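Novice: Residue strings, one per chain:
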Amino acid sequence: MDPLDRFLSAARMEEPDEVPVSLLTSARFFSHFYGIKVFQFFHDPKLMLDASLHTMRLFPEIVFFPGLWADYGIVVEPSAFGSRIFWPENYVPYVRGELLENPEDIMGLEPPDPKTDGLMPFVLESIQYMQKHAPKNTKYLYAVARGPFQVASYMRGHTEFLVDLTVRPDVARKLIDVCTETTIRWLRVQLEVIDNPIGIYVPDDNASFLSPGLFEKFGLPAYKRIFSEFDGLLKVYHNDADSTHILDLLAQCDFQVFNFSPATDIRTVKQGIGQKVCLMGNVDPVSVMLRGTPEKVEEDCKSCIQIGGPGGGYILSLGGGPSMETPKENVEAMVRAAKRYGRYPVLGG
Amino acid sequence: MDRESLKSIALKLEALDIQGTVEDVKRALNEKIAPFEVVQNGLSPGMDKIGEKYERKEYFLSELSLAAYIMKGAMELLGPRMKASRERSLGRFLVGTVKGDLHDIGKNLVSMMLTSAGFEVYDLGVDVPDEKFLQKAAEIKADFVGMSSLLTTTMPSMKSVIELLKNNGIREEVKIFVGGAVVTQSFADEIGADYYAKDAMECLRKARNSITKGK
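Protein chains in written order, with the numbering used here: chain A, 17 to 365; chain B, 5 to 219.
One thing to keep in mind: the hints can contain errors.
In silico DSBU-like pairs for lysine-lysine, Cα to Cα no more than 30 Å straight-line [stated by the list, open to error]:
hint, chain 1, residue 1, chain 2, residue 2
1, A, K344, B, K202
2, B, K61, A, K318
3, A, K355, A, K318
4, B, K210, A, K240
5, B, K163, B, K202
6, B, K36, B, K53
7, B, K136, A, K53
8, B, K61, B, K11
9, B, K140, B, K170
10, A, K286, B, K11
11, A, K312, B, K202
12, B, K210, B, K61
13, B, K163, A, K344
14, A, K53, B, K163
15, A, K233, B, K76
16, A, K286, B, K202
17, B, K61, A, K286
18, B, K136, A, K292
19, B, K202, A, K318
20, B, K210, A, K53
21, B, K53, A, K233
22, A, K190, B, K61
Quick caveat, the hints were computed from the structure, so don't treat them as lab data.
The structure displayed is predicted, hence computed values, not measured ones.
With the rest of the complex left out, here is chain A:
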């Protein structure tokens, strides 16, 4: 099996020949390994493609997910609404200030047009560029859109949005509805330009800031709506905040792969949502991958494999994106651990 087949087999809840290894595609990580500033990665689609291909070739056993990706971080959706974007020289862009400081501004809010608004048309251009110029064996595979809770939080303010859920529930619901519709429209437009898409990817860390009661009321309907729109495609959800308290609710959301945080215990995840959904995680990207020794990385990967691996439906990965200065040796240790301990049948530890 090649690494991508292995990944897709696990995503179908099967046992591949061995546990697949995946890292999230990251502008920071790719720029670092290609020796350019992160800002340059965004500035030029050629550099974006070259940096991506260069890093993918450095680690051929790793499936970078979602593969080629015009990754502009959190800013694409908020920019389409009109948020102010801040571009550091060597980090991913960020939303500065809150667009929706007044709750009254929310009631008249409409979803943006992905073909014309903010950075969305530029992302579409970058997708088309990469698709046209990438080698035949490296396809653009997934449409990516941030989930409604992350987008809402960045436009309204993290704390204010959480307060709205209780103090101004009508306002919060309106904002979530508009952001949910935006996620769906944005995914659809990308799917129109990607030649042969195989899936969608929805990262949304902020959903875990809600209590189970609030998530059931606001999160569950939004997620069910998003994921039910894309049947027939592989649906991947990422949340690198502690999600322990909403795992049972997430299990009802109809996605097929769950990339989760090191703060969420892998054993609990495997025994619950992991019976239904492929798990992708959850080695600590900072304390282990960035700061740990290769031995520590291997040890933690072994532990994840022994808990997540048995029965299949498991992809060895980090609980979040790789930090830009992650040592090469630590990435190699991850691959080594999968070869050493991840051959099926994998027995529980």
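Given chain A, work out where chain B should sit, using these hints.
Specialist: Same frame as chain A, now just chain B:
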């Protein structure tokens, strides 16, 4: 009577009763209870309970944010009256997210927990230049400086702020707290911070202990 009013504030805050907490604070002020007493023996025990519930995973960030909202309402009533009795605060605590970093949820919760416990908090916001920490710490004669960072790329600023405080002769006047998702105890030790706190609750606990025990 005093004790009942204060107990009621604590219970209502713990239950996240927005209206009830503010009404009780008004009532306590009408009963001529000193504002500092309202904070120390009403809001603070209420926040402690909320912190405990958060640690037991009965409350989540949504509830902590709501508590911050209620606290803000209460402090709008109490703040102006407390200025006069500054000497009774637990100390002046300067907080901010370091340069290049715009994350503020954790820092805001730290501000709230400290305020509710009776510290006099000065919040510099996000993306705070090193010099601003120095300037404000000197200006307010801070007892504590708390820095937050969520990015591996911005963490080094914590060290440069400490250096700056050192070079300007006020390092020994303040207790330095650091925290944020990527910060660890060993990093705190390495850069010469006095305390590492994994979350707002731990920050408050350590800040209180530092008063009774020294560094």
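Novice: Now, for every hint given, state plainly whether the structure supports it.
Specialist: Hint-by-hint comparison with the structure:
1. Between the alpha carbons of K344 of chain A and K202 of chain B the distance comes to roughly 28 Å, so the proposed pair stays at or under 30 Å and holds.
2. Only pairs whose Cα atoms come within 30 Å are accepted, and K61 of chain B paired with K318 of chain A is accepted, the gap being roughly 29 Å.
3. Proximity of K355 of chain A to K318 of chain A is assessed by CA-CA distance (about 10 Å); at most 30 Å being required, the pair is judged to hold.
4. Proposed proximity of K210 of chain B and K240 of chain A is contradicted: the alpha carbons are some 43 Å apart, above 30 Å.
5. Simply put, K163 of chain B and K202 of chain B have alpha-carbon atoms about 18 Å apart, close enough for the 30 Å limit, and the pair holds.
6. Between K36 of chain B and K53 of chain B, the direct Cα distance comes to roughly 25 Å. Compliance with the 30 Å bound is thereby established for this hinted pair.
7. Between the alpha carbons of K136 of chain B and K53 of chain A the distance comes to roughly 27 Å, so the proposed pair stays at or under 30 Å and holds.
8. Taking the CA atoms of K61 of chain B and K11 of chain B, the gap is near 24 Å; set against the 30 Å cutoff, the hint holds.
9. Proposed proximity of K140 of chain B and K170 of chain B is supported: the alpha carbons are some 15 Å apart, at most 30 Å.
10. Among the hinted pairs, K286 of chain A with K11 of chain B is inconsistent with the structure: their alpha-carbon atoms are about 44 Å apart, more than 30 Å.
11. Only pairs whose Cα atoms come within 30 Å are accepted, and K312 of chain A paired with K202 of chain B is accepted, the gap being roughly 22 Å.
12. Distance restraint check for K210 of chain B and K61 of chain B: the Cα-Cα separation of roughly 21 Å lies within the 30 Å cut-off, and the hinted pair is therefore satisfied.
13. Proposed proximity of K163 of chain B and K344 of chain A is supported: the alpha carbons are some 26 Å apart, at most 30 Å.
14. A threshold of 30 Å between alpha carbons decides the hint, and for K53 of chain A with K163 of chain B the separation of about 23 Å falls inside it, so the pair holds.
15. Note on K233 of chain A and K76 of chain B: the hinted pairing holds, with a Cα-Cα distance of about 26 Å set against a maximum of 30 Å.
16. For the hint linking K286 of chain A to K202 of chain B, the alpha-carbon distance of about 27 Å falls within 30 Å, and the restraint holds.
17. Between the alpha carbons of K61 of chain B and K286 of chain A the distance comes to roughly 20 Å, so the proposed pair stays at or under 30 Å and holds.
18. The suggested pairing of K136 of chain B with K292 of chain A is violated, with an alpha-carbon distance near 51 Å, which exceeds 30 Å.
19. A C-alpha spacing of about 27 Å is found between K202 of chain B and K318 of chain A, which places the hinted pair at or below 30 Å, so the restraint holds.
20. Between K210 of chain B and K53 of chain A, the direct Cα distance comes to roughly 39 Å. Violation of the 30 Å bound is thereby established for this hinted pair.
21. Our distance criterion of 30 Å between C-alpha atoms is met by K53 of chain B and K233 of chain A, whose separation comes to about 25 Å.
22. Taking the CA atoms of K190 of chain A and K61 of chain B, the gap is near 28 Å; set against the 30 Å cutoff, the hint holds.
In this structure, the hints that do not hold are numbers 4, 10, 18 and 20, in rising order.
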